[in-house]
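Asker: This is what each chain is made of:
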Amino acid sequence: MSEAFDWAEVGRVVGVGFGMVILILSGLAVILEIFSIAIRKIEKRFGLKEKSD
Amino acid sequence: MDGLLETGFGAIGGGDVLMIAIGILLVYLGIAKKWEPFLLVPIGFSIVLVNLPLGGLLDTTGGDLLDKDSEAVGMIAYIFKGGIQTDLIPCLIFICLGAMTDFEPLIANPKTLILGAAAQFGVYITLIVAVLIGSGWLGITDWGLKEACTIGIIGGADGPTTIYLSDKLAPHLMGTVAMAAYIYMAMVPIIQPPIIKLCTTKKERQIYMKPVAREISRKEKILFPFVGAIIIILLVPKSAPLIGSFMFGNLLYISGVTDRLGKTARESFMDILTIFLGLSIGGIMTADNFLKLDSILAFVLGIFAFASATAFGVLMARLMNKFSREPINPMIGAAGVSAVPMSARVVQIMGQKANPQNFLLMHAMGPNIAGVIGTATAAGIFLSMLE
Numbered sequence: 001m002s003e004a005f006d007w008a009e010v011g012r013v014v015g016v017g018f019g020m021v022i023l024i025l026s027g028l029a030v031i032l033e034i035f036s037i038a039i040r041k042i043e044k045r046f047g048l049k050e051k052s053d
Numbered sequence: 001m002d003g004l005l006e007t008g009f010g011a012i013g014g015g016d017v018l019m020i021a022i023g024i025l026l027v028y029l030g031i032a033k034k035w036e037p038f039l040l041v042p043i044g045f046s047i048v049l050v051n052l053p054l055g056g057l058l059d060t061t062g063g064d065l066l067d068k069d070s071e072a073v074g075m076i077a078y079i080f081k082g083g084i085q086t087d088l089i090p091c092l093i094f095i096c097l098g099a100m101t102d103f104e105p106l107i108a109n110p111k112t113l114i115l116g117a118a119a120q121f122g123v124y125i126t127l128i129v130a131v132l133i134g135s136g137w138l139g140i141t142d143w144g145l146k147e148a149c150t151i152g153i154i155g156g157a158d159g160p161t162t163i164y165l166s167d168k169l170a171p172h173l174m175g176t177v178a179m180a181a182y183i184y185m186a187m188v189p190i191i192q193p194p195i196i197k198l199c200t201t202k203k204e205r206q207i208y209m210k211p212v213a214r215e216i217s218r219k220e221k222i223l224f225p226f227v228g229a230i231i232i233i234l235l236v237p238k239s240a241p242l243i244g245s246f247m248f249g250n251l252l253y254i255s256g257v258t259d260r261l262g263k264t265a266r267e268s269f270m271d272i273l274t275i276f277l278g279l280s281i282g283g284i285m286t287a288d289n290f291l292k293l294d295s296i297l298a299f300v301l302g303i304f305a306f307a308s309a310t311a312f313g314v315l316m317a318r319l320m321n322k323f324s325r326e327p328i329n330p331m332i333g334a335a336g337v338s339a340v341p342m343s344a345r346v347v348q349i350m351g352q353k354a355n356p357q358n359f360l361l362m363h364a365m366g367p368n369i370a371g372v373i374g375t376a377t378a379a380g381i382f383l384s385m386l387e
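As given, the protein sequences belong to chains A and B, one line each in that order.
For the first sequence, position 32 matches number 32 in the working numbering, and the numbering has no gaps at all.
For the second sequence, position 379 matches number 379 in the working numbering, and the numbering has no gaps at all.
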């Protein structure tokens with residue numbers, strides 16, 4: 001194994017990088033879920049439901 | 001006879017001939033097999049052109065074409081330097097892709113975003129393999145972490161992101177990884193089914209999924225590009241060119257008042273960019289750039305990236321099925337690699353074969369779109385960490 005190779009950096013890029021991808025997309029999923037519930041409640045409360053064509 | 005030696009016939013070498021044959025093969029695959037013809041035909045013909053000696057299409061002043069300080073002289077060099085090295089073409093293509101994308105399946109079923117994220121593990125596992133082949137262990141090539149990330153991103157099955165990242169991290173591999181990404185995308189119907197079968201049981205492939213029931217209002221569709229762009233760009237600022245372009249394109253499509261702009265982005269603008277992209281990517285595939293061990297290894301690793309991304313998407317869907325109230329057919333995880341919409345179509349076809357009652361296309365479109373967002377995010381994270 002190459003002594004000069006920085007395996008800690010590889011670990012950081014893989015671990016932190018993949019962790020961030022999972023966190024960001026999961027977070028976005030949660031926010032979307034909350035948004036859709038909020039929008040439906042607002043539409044119901046204020047009667048803003050779009051008329052269908 | 002001496003006169004003939006002063007023409008291209010005298011200057012052509014074995015490598016040039018081999019590259020011309022590869023170019024013709026790509027054009028053949030595009031025309032005869034209809035594999036990504038919009039890309040393989042321009043890329044293939046461009047490879048033929050630039051490998052004919054003395055044509056000067058790639059001429060520059062002050063250094064190699066891939067050297068950012070050199071200036072373009074030849075026609076393809078101009079397109080490459082102006083469109084690819086400035087990152088303009090990949091980002092503009094993302095506007096067009098956004099204008100082609102309907103986020104409805106994703107908004108209706110947000111948990112499919114997790115499948116798009118899981119498939120990105122294929123990118124990271126390939127990165128580790130590339131490091132092991134390169135400077136990390138075997139030393140077959142001199143690949144470091146930047147080259148490994150560039151090769152890994154092929155697993156995201158997203159051409160523009162692959163080009164964008166390789167230009168920043170490993171421009172010498174750009175031609176190879178771009179061609180690998182597009183060729184493997186064309187081969188999705190061949191690559192994915194055996195992997196999906198390997199990762200699922202027959203019973204799982206038969207799982208019935210109810211049609212996506214929730215209707216998405218126009219307000220939600222308009223809000224999504226804002227929410228997506230703001231959250232992702234705030235967390236990963238380096239993803240702004242790709243994610244921002246993607247969401248902007250989608251807003252043109254969905255706003256209801258910019259139909260003409262959306263239509264232009266989807267159709268004529270996309271076609272123009274595809275011609276430029278094909279010419280410039282084919283243009284850098286000269287014998288000197290491509291016929292090297294590391295290029296060939298990168299090309300081979302690309303298929304591993306693609307296959308592992310598919311497998312991780314399916315395995316995550318299997319896991320989600322165990323905990324979900326509504327049954328999830330694990331095959332939809334395979335669409336977590338981007339390759340929009342080919343991988344979703346593969347899932348639909350396999351789903352119909354396993355259970356004719358099943359219509360998995362819309363269920364698979366969610367992870368499919370999530371895959372595009374996931375790959376662009378992964379690329380932004382690589383840039384944040386390594387650039």
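Calculated from the structure, these hints are not laboratory results.
Accuracy of the hints is not assured; some may be wrong.
What the hints assert, rightly or not - Below, computed lysine-lysine pairings styled on DSSO-like, alpha-carbon distance capped at 30 angstroms:
hint : chain 1 : residue 1 : chain 2 : residue 2
1    : B       : K203      : B       : K33
2    : B       : K81       : B       : K197
3    : B       : K292      : B       : K197
4    : A       : K44       : B       : K292
5    : B       : K203      : B       : K81
6    : B       : K111      : B       : K33
7    : B       : K111      : B       : K292
8    : B       : K210      : A       : K44
9    : A       : K41       : B       : K238
10   : A       : K41       : B       : K221
11   : B       : K34       : B       : K111
12   : B       : K221      : B       : K81
13   : B       : K322      : B       : K202
14   : B       : K322      : B       : K210
15   : A       : K41       : B       : K292
16   : B       : K210      : B       : K353
17   : A       : K44       : B       : K219
18   : A       : K44       : B       : K168
19   : B       : K168      : B       : K203
20   : B       : K221      : B       : K197
21   : B       : K219      : A       : K41
Unchecked claim - Cβ pair distances, simulated, as ranges:
hint : chain 1 : residue 1 : chain 2 : residue 2 : range
22   : A       : K41       : B       : W137      : 39 to 45 angstroms
23   : A       : I39       : B       : P211      : 18 to 24 angstroms
24   : B       : G15       : A       : I34       : 35 to 41 angstroms
25   : B       : Y208      : A       : I34       : 24 to 30 angstroms
26   : B       : H172      : A       : A8        : 23 to 29 angstroms
In this text the structure is predicted, and so the values were computed from the model without any measurement.
For each residue, glycine too, the CB sits at the ideal point set by N, CA and C.
Asker: If a hint holds in the structure, say so; if it does not, say that too.
Answerer: Evaluated hints:
The straight-line distance between the Cα atoms of B/K203 and B/K33 is roughly 33 angstroms, outside the 30 angstroms bound, and the hint therefore fails. Pair hint B/K81 plus B/K197 does not hold up; C-alpha atoms about 43 angstroms apart against a cutoff of 30 angstroms. For the proposed pair B/K292 and B/K197, the alpha carbon gap of about 35 angstroms is over 30 angstroms, so the pair is violated. A threshold of 30 angstroms between alpha carbons decides the hint, and for A/K44 with B/K292 the separation of about 63 angstroms lies outside it, so the pair is violated.
In summary, the hint linking B/K203 to B/K81 is not supported, as the alpha carbons are separated by about 52 angstroms, beyond the 30 angstroms threshold. Under the criterion of a C-alpha separation no larger than 30 angstroms, the hint pairing B/K111 with B/K33 is inconsistent with the structure, at around 36 angstroms. At most 30 angstroms may separate the alpha-carbon atoms for a hinted pair to count; B/K111 and B/K292 exceed this at roughly 43 angstroms. Between the alpha carbons of B/K210 and A/K44 the distance comes to roughly 25 angstroms, so the proposed pair stays at or under 30 angstroms and holds.
At roughly 35 angstroms between alpha-carbon atoms, A/K41 and B/K238 are farther apart than 30 angstroms, so this suggested pair is violated. The hinted pair formed by A/K41 and B/K221 meets the criterion: a straight-line CA distance of about 16 angstroms does not exceed 30 angstroms. Between B/K34 and B/K111, the direct Cα distance comes to roughly 34 angstroms. Violation of the 30 angstroms bound is thereby established for this hinted pair. Pair hint B/K221 plus B/K81 does not hold up; C-alpha atoms about 36 angstroms apart against a cutoff of 30 angstroms.
Taken as a hint, the B/K322 and B/K202 pair is honoured in the structure, with Cα atoms around 16 angstroms apart against an allowance of 30 angstroms. Proximity of B/K322 to B/K210 is assessed by CA-CA distance (about 17 angstroms); at most 30 angstroms being required, the pair is judged to hold. Proposed proximity of A/K41 and B/K292 is contradicted: the alpha carbons are some 60 angstroms apart, above 30 angstroms. Distance check on the hinted pair: B/K210 and B/K353 sit about 17 angstroms apart at the alpha-carbon level, within 30 angstroms; holds.
Restraint check: the Cα-Cα separation between A/K44 and B/K219 comes to about 14 angstroms, which is no more than 30 angstroms; the hinted pair holds. Taking the CA atoms of A/K44 and B/K168, the gap is about 48 angstroms. The hint is violated against a cut of 30 angstroms. A threshold of 30 angstroms between alpha carbons decides the hint, and for B/K168 with B/K203 the separation of about 45 angstroms lies outside it, so the pair is violated. For the hint linking B/K221 to B/K197, the alpha-carbon distance of about 35 angstroms lies beyond 30 angstroms, and the restraint is violated.
With a C-alpha separation of about 13 angstroms, the suggested pair B/K219 and A/K41 falls inside the 30 angstroms cut-off, and the hint holds. In this structure, A/K41 and B/W137 break the distance hint of 39 to 45 angstroms, their C-beta atoms being roughly 56 angstroms apart. Roughly 21 angstroms separates the CB atoms of A/I39 and B/P211, a value that falls within the hinted 18 to 24 angstroms. For the hinted restraint 35 to 41 angstroms between B/G15 and A/I34, the CB-CB distance of approximately 57 angstroms leaves it violated.
With their beta carbons about 29 angstroms apart, B/Y208 and A/I34 fall inside the hinted range of 24 to 30 angstroms. Under the hint 23 to 29 angstroms, the C-beta atoms of B/H172 and A/A8, about 26 angstroms apart, fit the expected range.
Violation of the numbered hints given earlier is confined to hints 1, 2, 3, 4, 5, 6, 7, 9, 11, 12, 15, 18, 19, 20, 22 and 24; the remaining hints are satisfied by the structure.
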